[in-house]
Each structure stands twice: as structure tokens, then as C-alpha cells.
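Kindly produce the complete structure, drawing on both the sequences and the hints.
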Amino acid sequence: MMLLSFTSIQAQELRLTLADAVSIAADSSLSAIRAHSSYLSGYWEFRAFKAERLPSLTLNLTPAQYNRRIIQRYDSGSDRDVYRTQQSYYASGGLSLRQNVDWTGGTLYMDANLDYLRYFGADTYSQFTSVPFRIGYSQSLVGYNAFKWDKLIEPLKFERKQKELTYDMEKVSEEAISYFFTLAQAQAEHELAVKNLASCDTLCVIGRERHRIAAISKSDLLTLELDVVNARNTLRNSEMTLKRAMFQLASFLNMDKERQIRITLPERPAFETISVDKALTQARSNNPQFLTLKQNILESRRTVDRTRKESYFNVSVNASVGFNQVADNFSDVWRNLLQQDMVAVSVSIPLVDWGVRKGRYNMARNNLNVVETSARQSEQSIEEEVIMTVNDFNVQGGIIQSAEEARRLAESAYEDTRARFIIGQSDINSLSLALNRKDAAQKNYIAALKNYWLSYYKIRRLTLFDFEKGEEIK
Numbered sequence: 020m021m022l023l024s025f026t027s028i029q030a031q032e033l034r035l036t037l038a039d040a041v042s043i044a045a046d047s048s049l050s051a052i053r054a055h056s057s058y059l060s061g062y063w064e065f066r067a068f069k070a071e072r073l074p075s076l077t078l079n080l081t082p083a084q085y086n087r088r089i090i091q092r093y094d095s096g097s098d099r100d101v102y103r104t105q106q107s108y109y110a111s112g113g114l115s116l117r118q119n120v121d122w123t124g125g126t127l128y129m130d131a132n133l134d135y136l137r138y139f140g141a142d143t144y145s146q147f148t149s150v151p152f153r154i155g156y157s158q159s160l161v162g163y164n165a166f167k168w169d170k171l172i173e174p175l176k177f178e179r180k181q182k183e184l185t186y187d188m189e190k191v192s193e194e195a196i197s198y199f200f201t202l203a204q205a206q207a208e209h210e211l212a213v214k215n216l217a218s219c220d221t222l223c224v225i226g227r228e229r230h231r232i233a234a235i236s237k238s239d240l241l242t243l244e245l246d247v248v249n250a251r252n253t254l255r256n257s258e259m260t261l262k263r264a265m266f267q268l269a270s271f272l273n274m275d276k277e278r279q280i281r282i283t284l285p286e287r288p289a290f291e292t293i294s295v296d297k298a299l300t301q302a303r304s305n306n307p308q309f310l311t312l313k314q315n316i317l318e319s320r321r322t323v324d325r326t327r328k329e330s331y332f333n334v335s336v337n338a339s340v341g342f343n344q345v346a347d348n349f350s351d352v353w354r355n356l357l358q359q360d361m362v363a364v365s366v367s368i369p370l371v372d373w374g375v376r377k378g379r380y381n382m383a384r385n386n387l388n389v390v391e392t393s394a395r396q397s398e399q400s401i402e403e404e405v406i407m408t409v410n411d412f413n414v415q416g417g418i419i420q421s422a423e424e425a426r427r428l429a430e431s432a433y434e435d436t437r438a439r440f441i442i443g444q445s446d447i448n449s450l451s452l453a454l455n456r457k458d459a460a461q462k463n464y465i466a467a468l469k470n471y472w473l474s475y476y477k478i479r480r481l482t483l484f485d486f487e488k489g490e491e492i493k
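Heads up, the sequence shown is in the numbering used here, so the first residue is 20 and it goes up one at a time.
Please keep in mind that the hints were generated in silico from the structure rather than gathered at the bench. Mixed in with the good hints there might be a few duds.
[Claimed, not checked] Computed beta-carbon distance windows for the label pairs:
#1 303 with 424: 36 to 42 Å
#2 75 with 289: 30 to 36 Å
#3 117 with 296: 46 to 52 Å
#4 424 with 304: 47 to 53 Å
#5 122 with 99: 57 to 63 Å
#6 233 with 452: 20 to 26 Å
#7 449 with 291: 33 to 39 Å
#8 107 with 79: 17 to 23 Å
#9 388 with 110: 53 to 59 Å
#10 459 with 398: 37 to 43 Å
#11 388 with 303: 47 to 53 Å
#12 399 with 221: 58 to 64 Å
[What the hints assert, rightly or not] Below, in silico cross-link-like pairs of lysine-lysine (PhoX-like), each with a Cα-Cα straight-line distance of 25 Å or less:
#13 190 with 180
#14 297 with 276
#15 190 with 297
#16 170 with 180
#17 170 with 262
#18 167 with 180
#19 180 with 297
#20 69 with 176
#21 262 with 462
#22 190 with 313
#23 170 with 69
#24 462 with 214
#25 262 with 176
Backbone N, C-alpha and C fix where the C-beta goes; we use that ideal spot for every residue, glycine too.
Here it is as C-alpha cells:
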């Protein structure tokens, strides 16, 4: 919409356009930095989720474990239990490979282990045991599958984070525009105050000369002198307002607070209307608030699924097949390997829990109804906001045109009234009225520009779509 023109006119003064303010805010403002930091937290959360879907290899080591203790043993000679001192040294190492299976919720694993055990004392001996290879699978047959739900929810959460970053950056642009036009208004009022004071001084001098020759009354002269005093006070107030607005904009842009900034107002924009239907379509596709509502519904459905399945009995199976061996020395532990098989089935059946599981399930189901109803209400609110903002924007172009015309007419009327007053063809009341109209027309024009750009960037934020270029905002 606007070309970036960022030029230094003095050592401590910058001439700033609207595009400059938006660009600097997106690059340097603390709000933009906070938005990027929030996105990075979501990015690393998604990276962790993706990593959990990949095979994991773990090395488990117990380099040394020494025990010295008194244990109970049976003595066959005396046919009784006796206590004996025992010393042992133990070491182990193993590799474990795990792979989660999303669509079943089970875990496929492969293991390899080597253990060493040595006893000390009257009967000293050593043993090695190995599992060179074992492959197995564990699965809950009727239980809750967390992997399946994570696969649905986590990518949606990351997509929401991506769009939230764009959404927040558009919000930063809105803030920059607000500060920009606040300074523009303060700058315009200060310039008007300077001109008005100079004009009032000139008119007061002329009034004194005309009063000296009895061309105006004493009350008209006093009114002109009062206008000088009021114009001087207005100038002082405008200076304070200008400094405050300049400080606020520089602070938001994360610039030197002492930097003097000169605002260059944008021209009347050529882009005029936006289709309501197109804006609604883009908002439904891109607005992160819709993704948040979808995520809330999925998470509530996940809770319902978990509590429902936890109210039933649970059956799980763990099966593995591999090889193992035991020997007194390291070399023999790898020979003549024996097959190792394991199958375990476990069943958990709730018998009496006084309705706890059923209560949790009903609570989760009711909460899902609440979330779905709230989501529909929120969707309607967002759509209403889009419609109202687009409708407001579509009339802003005409308002700017009218405000620009009113400003031109008010300036011409004031200059004409001022000239007629100087030659004695207009009274002081007409001059004051023309001055007030000129000042009001200038303020209204800047306010119209501000409302136009705030509405446009609000539509961009709600839809994450650049309607001028016809593309999504990334």
C-alpha cells in the first residue's frame, strides 16, 4: 500500500511514514519479541511430539553394585534356617529400542542385555547371563489410546501457534497505527497552535490600530487580546501532548526515547471495499480462534473417550521372543543360545467403585456439550465482529473523502474570513467561528485516516488475509 521511506533529516529527528511505523514495530517492538517467544514455545512442544513418534534408543548401565549383607538360608545338614554373611558384586548393561504405534496405541520394542554376578566368601563363583536379542510388543486391547488423540491434537496446536504468531503480529501493527496517529494528531494540533498564535498576534496588532482609529470596539479588542492568551496556553498544552505522544510511539517501537519524530501522513488510500463473504471465508480458514475452539472440542472428546474406556474392564497383552544364556565365563555366554519366550495377559475388572468411574464419564460428556455450545457461540461472535468491521471499513473511504473536502473548504473559508477581517469587512465572531471550523476539520481528517487504517488492519488480523494482494498473510 505504501512504499517504505525511512530517512533521517537531522541528527535527532526522524521522518516517519505509516509503513515505517508498522515495519519497525514488527521488527523491534517488545510486543513483537513477545509474540515470537510465544511461538517458539509451541514450536519446541511440537518438535517434542514429533520426536516421540520416532524410534528411541536407550543405553541402560549399572557399572557397579556391591552388596554386603546377612541373609537367611536353609541348612540341609541341620535341617533349619540359618543366617549367613553374603558379599556380591553386580554389573549390567543393555540397549533398548522402542517404537510407539499410533494407530493401535501399543509399543514395539527390541532389547539386548548382558549381566554379571560374582559372589564372595567360602563359595566364590561368577556368572554371566545374556539376552543377545529379544523382540516384543505390548498393547492394551480395550484401553485408551493416547497416541491416536495426540496425533489429532498436537498438529492442530502447532498450526494454531503458527497462525497466532501472524495474528499477534497484525495486532502489533494495529498498536503501531494507533500510536502513529496519536502522534500525528498531536503534531497537527501543535502546528495549528503555532499558526494560530502567530495569526492571533497579527490580528491583535491590527485590532489595536483599528481600535485607535475607532474602527472596532473596546470589547472586540479585548477579545483579540484574549485570543492571544488562549492561543499561547493552547500552544503550551499542545507541546506537552506532542512530547507525550512522541515518547509513547518511540517507547513502543523500542527506539531512543529522546528521538524527535516527524510524522508524514499517508495519502488518501485508493483501496476502497472488501467483500463480506470473502472476509468470512478467510476468517473461518485462518483465524486462530477457530482453531482454538476446534482444539477445545477435540480435547473434551479425548477426555470422554478416556473416562468411558476406564469405566470398563481393561485387558493388556505383552509378548516377546528372543534368546538367552547363562555361563560361568564371558565367552560361553554367547554360545548355544536358548530360546526365550514370554506371553503375559493382564485383566483389570472394576467390581465396586460406588459410581466413581460412571460419574467421571458423565461429567466429561456434559463438559463436552458445554464446550461445543460455547464454541458455536464464539464462532458467531467472531463472525459478527468480522461483518461489522468490514461494513465499517467499506464506508471509511467515503468518510475520508468527505473529511478531506471539509478540510479544504474550512481552510479556504478561514483564509477568506481572515482577509476580510483585516480590511474591516468581517467581525470577530465570524473569524473565531471560521478558525474553530478549520481546526475541527483538520482533526476530523486525521481521525478518519486513523479509523480507516485501524479498520483495515483489524480485518487483516481477523482474517489473516491481505485483500490488496489477494493472498494469505504468512
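- Task: Could you tell me whether the CB distance from residue 399 to residue 221 stays inside 58 to 64 Å?
- Result: holds (60 Å)
- Straight-line Cα separation of residue 262 and residue 176 no greater than 25 Å? Violated, at roughly 43 Å.
- Message: Check the hint pairing residue 170 with residue 262 against an upper bound of 25 Å on the C-alpha distance.
- Response: Not OK: residue 170 and residue 262 at ~54 Å, beyond 25 Å, violated.
- Taken at face value, is the distance from the CA of residue 69 to the CA of residue 170 at most 25 Å? With a Cα-Cα distance of about 9 Å, the restraint between residue 170 and residue 69 holds, given a limit of 25 Å.
- Task: Given the range 46 to 52 Å, decide if the beta-carbon distance of residue 117 to residue 296 lies inside it.
- Result: Given a distance of about 51 Å, which is inside 46 to 52 Å, the answer is holds.
- CB-CB spacing for residue 79 and residue 107 relative to the 17 to 23 Å hint: Check passed, 20 Å falls within 17 to 23 Å.
- Message: Looking only at beta-carbon atoms, does the pair residue 303, residue 424 fall within the given range of 36 to 42 Å?
- Response: holds (38 Å)
- Query: Within a Cα-Cα threshold of 25 Å, do residue 462 and residue 214 meet the stated pairing?
  - Reply: holds (15 Å)
- Query: Is it true that residue 388 and residue 110 lie within 53 to 59 Å of each other by Cβ?
  - Reply: holds (58 Å)
- Keeping to a limit of 25 Å between CA atoms, is the pair of residue 170 and residue 180 held or broken? With a Cα-Cα distance of about 16 Å, the restraint between residue 170 and residue 180 holds, given a limit of 25 Å.
- Query: In this structure, is the beta-carbon distance linking residue 233 and residue 452 contained in 20 to 26 Å?
  - Reply: Taking Cβ atoms as reference, residue 233 and residue 452 lie about 25 Å apart, which means the hint holds.
- Quickly compare the C-alpha distance for residue 190 and residue 313 to 25 Å and report which way the hint goes. holds (22 Å)
Checked against the numbered hints above, the structure violates hints 2, 4, 11, 14, 17 and 25; every other hint is satisfied.
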